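Peer 1: Okay, here's what each chain looks like letter by letter:
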Amino acid sequence: MSIVLPGELVPAQHVNLKLGPGLQQVQTGQASTSRAPSSIIATRAGALHHSANGSKWWIESNSRRYVPAPQESVIGVIVQKQAEGFRVDLGSAHSANLDGLAFEGASKRNKPNLKIGSLVYARVSLAHKDMEPELECFDAQTRKAEGFGELKSGFLVRCSLRMCRNLLDPNHFLLPLLGALFPLEVAVGLNGRVWVNSKEAKHIIAISRAIEVADPDGDNMDAKAVKKLVEDLDSKMSL
Amino acid sequence: MIEFTSFRQHPDNFSVKHPEDVDMDMDMDEDEDEDFLQAGSSKITYPGEYLTSSQAFMRGHGTYVDNEDVIASVSGTVERVNKLVTVRAVRTRYNPEVGDLVVGRITEVQPRRWKVEANSRQDAVLMLSSVNLPGGVQRRKLESDELQMRTFFEEGDLLVAEVQAFFSDGTMSLHTRSLSYGKLRNGQLVAVPPILVRRLKSHFISLPCGVDLILGLNGYIWVSKHVKESDREGEEGFDAEAVYSNRNDDIDDSTRMAISRVTNLILVLASHSVPLTDAVLLDAYEWSIEQDAHIKDLLQDEIGEALVTSIISRG
Amino acid sequence: MSSRIEILNAGGYRSDGRRQYELRTISIDLSPRGSGADGSATLSHGLTQVSVCVFGPREAKMRSQTFHDRANINVEIGIAAFSSSERRKRGRGDKRVLELSHTLKATFEPVIQTSLYPRSQIDIYIQVLQQDGGLLQACVNATTLALINAGIPLYDFVCAVTGGVHSTSPLLDLTLLEENDLPNVTVAVMPRTGKVALVTMETRLHVDRFEEIFRLAGEAGKVIHGEMKRAVKERTQDLVNAMQSVGKAAGTEVVDEY
Amino acid sequence: MRPPSPSIPEKEFLFTALKQSLRLDGRQPLEQRQVELNFGPELGWVECAQGKTRVLAHVDAKMVKPPPERPFEGIISIHSEISPMASSEYESGRPSEEEVTITRMLDKVIRRSDTVDKESLCILAGQRVWHLRLTIHCLADSGNMLDCACLAGLVALKHFRRPEVEVIGEEVTVHLPTSRAPLPLSLHHTPYCFTFAFFPDTSIPPVLDPNLLEQRLSGGLISIALNAQRELCVVQKSGGVPLVPDDVLKIVDVAVNRAKELDALVESRLKEDWAGRKIEVI
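Protein chains in written order, with full-length UniProt numbering: chain A, 1 to 239; chain B, 1 to 315; chain C, 1 to 258; chain D, 1 to 282.
What the hints contain is simulated information worked out from the structure, not anything from laboratory work.
Small disclaimer: the values here were computed from a predicted structure and weren't measured.
Don't be surprised by glycine CBs; every beta carbon is placed ideally from N, CA and C.
Not one of these hints is a red herring.
Each pair of labels, with its calculated beta carbon distance range:
no.: 1; chain 1: B; residue 1: Ser129; chain 2: A; residue 2: Ala140; range: 33 to 41 Å
no.: 2; chain 1: A; residue 1: Ser107; chain 2: D; residue 2: Glu97; range: 41 to 49 Å
no.: 3; chain 1: D; residue 1: Glu91; chain 2: B; residue 2: Glu302; range: 55 to 63 Å
no.: 4; chain 1: B; residue 1: Ser42; chain 2: C; residue 2: Arg92; range: 42 to 50 Å
no.: 5; chain 1: A; residue 1: Ser107; chain 2: B; residue 2: Gln110; range: 23 to 31 Å
Subject to a maximum C-alpha distance of 25 Å in a straight line, what follows is the list of computed SDA-like cross-link-like pairs (lysine to any residue):
no.: 6; chain 1: A; residue 1: Lys224; chain 2: A; residue 2: Asp234
no.: 7; chain 1: A; residue 1: Lys81; chain 2: B; residue 2: Lys115
no.: 8; chain 1: A; residue 1: Lys236; chain 2: D; residue 2: Gln20
Construct the entire structure; sequences and hints are all you get.
Peer 2: As structure tokens, this is what we get:
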């Protein structure tokens, strides 16, 4: 693993090369005539990673602006109701479309009744740079919800995209740490939004503060510091 | 209180003319409370006035409930139907109901629909599927019709229609699927406060002076040249092609004068808040002929007042 | 220049001959002005005069400005160049005018039952004709009247009064001369609940003095309410009478239920 | 494009939490965020932060000829700018409602309340006066920018020192800071601004120093500017949900106490900074 900066050449070479986020192929010289090797450059600053056999390369970095990618789970806010479905804000460049039929058990007669301002946990089903992203709230094969759908009550925390990925990492300390202190429910969207719920309001506040301070883009606290902060907060709010 | 000391110095401004105002807002005594709830009487109210308890009565239009009190939100007359208390505002925009006849103006042409301004809180919608197209009632709408919607109605056109239904957000949807509805020609529009147009048996009125009136419940009134019985739709003289025509027929001078006279009469009556019915309009027209008043003089204050006095005395 | 005039003389009279708590004459005209507005009102407090026209609720001109659950309120204020003793043209972009219209919008937003009219717009146009202190007060009172006149449902009247403190003596309903020299407060109350919809205060005043004038202005608001209420009732009664005078005669009328 | 309004769960949770007197950042309802003051290398350069809200204020002075109608008074002008960089709520071009409010409040709090002794800025009557220019840059908005901007502006005025001038006859001599110690401005008082948010549901208590979400979901704001001597300078509740008069007076009382605390903090920070500065007088 190494750190690269935008514009830097990346020594990615493979017969079946696949480029992930932050990498771009540029043509060098008289590309059309000879078999001049095209080169790969980084377009973002971050840590360069590749798969074991060197066929897949990508850059890991942190940002706050979400760019939709297919099959990613996201949390969106309904901003508009339309005849066919809903317009959903994901915090990305464009708002996404969510078909009213893309829910478990939805039919022409029985469409989900989401209000403007409702939160949905959905999966990006289509993300093309020239089109608005599309979402679905079920598994297209089984037509089962699989946990997707409207998120009721609870609270929405915004964090950096890196923090979202961290929360999905089973080895990351935060969720086990919080889970040991009180029962909680979490839905992590890869678009920098985390929905949290717990029985008591003060626990929800503690969780949201913990996510904020553990964020590498924020205070970047470690397990010990977060634990102390949560305990302090808990005792302060219990007064 | 300190304030009152100052008001005694200006007694002409406060409380003398209206002694009932003095302690009205504080302790509304029960007698009066019961009073207005008697059917038939009309009590005047204003926003923020306590009307009754919400335990005994239901709140209707023009009222709201706060802490079990029913309170007026508009100024007007209190009306009661069984347990329902409503306040009817003396002046307000048109409040549509299904089945109402309205006159409106096209403001926008949108995909498969027109937007119609009808003096309501939002522009009404006229769907392409809710109009009769030339070629008969049974004619199916084609895609080509969608493309030539402006040949039927375009921005600025006036039409008479009926309120068909409401959308979920309260916008009204109109239809013109009747022989008597559709585009308006050969006349002029007068706007009056909607409350002055009462629900009548028929809102299409023919005055003997060769003038037809359409009293829209939204306060828009269409005053036009009389259409002969034989030329009406469905009769043999009916010209099907003219339904969406933008050209006026020939109108002779006497008809033009009559249209102007009726228009001015309506304006005068409306400015004196006289509700418009066929009987009143007929009376007014006769009066103006009797008085031999010139059309433009009708709008003068003295003549207007004389007219209204005469109408009231006849009523 | 103005400081040479005594604000409150030894006899307890103010420069225009009023006593401390005396309000200026209020005159209210609710007749339609032929502008086609749904409601209008012209109101004056002494020499301060404003005219307000209300249009709506009606279709919003710009779709981007609509709300899916309530009506949008739009306030525009024009201050006539001749309205004050020094001729001065204030444009639309003037910060004071913008602040005033913003204040009025925020004051009336919770008072108008906007949720009855989703996606609609209510336009309030205010023209200031004469200024002699208490501009905000006059605008608030006139707007309340114009809204009622337009039949727009309100939770209550909003009645505003200015107050000021001359050394330790509170004064009500300030003229321009007094306003320039004294710390002044404008309070708008909703008379039914006695709650305050708006409070603004400028220039230095001790906390204890503030409390006194604040409560006093709140009380005076109720007196203004009496006047406004009377005007509204008179106008309503006139209209109702006019309609009833002929209504009974119409034989063909169908029973008219709302 | 403006960001969409907060989602329903966010709104409902904020209200339930506030009903239990819990705030999202763990504060008490009437607790302010920690005020941080950082002074720049130059005198009159202050960066003020409350939570993530940050404002930079800067004062400079130059000599000008006074306008003929006020020959004995100096001039103070306030320039404030909220650029879209502070928050995506703001757009360049036409000033937003909030921007108008902030600009007007700054004007009322700092200029109209007579904070600076203008006559002390006069050097030579009718000929030369100081023109103070206070520039306020809003760097980041995460709620309650107004209080932060007022505080930054005031502290900058307190921090600023002008060069000493000597007048002999018609001749004006400006002494360089290196030759004679520059003088602090003569201030009549120091007003601090406190903004409270209140909510449509009257069972929710008002909160001091609202953060962005609280501000967006509030039923209105009431701003009170006052000094530590219990003198109110501005009270501003421009509309919003109506309040019971006693609640307004209670809020004023809270502000009175907070003003004393804040005043102590500001004075101690200024003293600290001044102690750390080496002024060399030759």
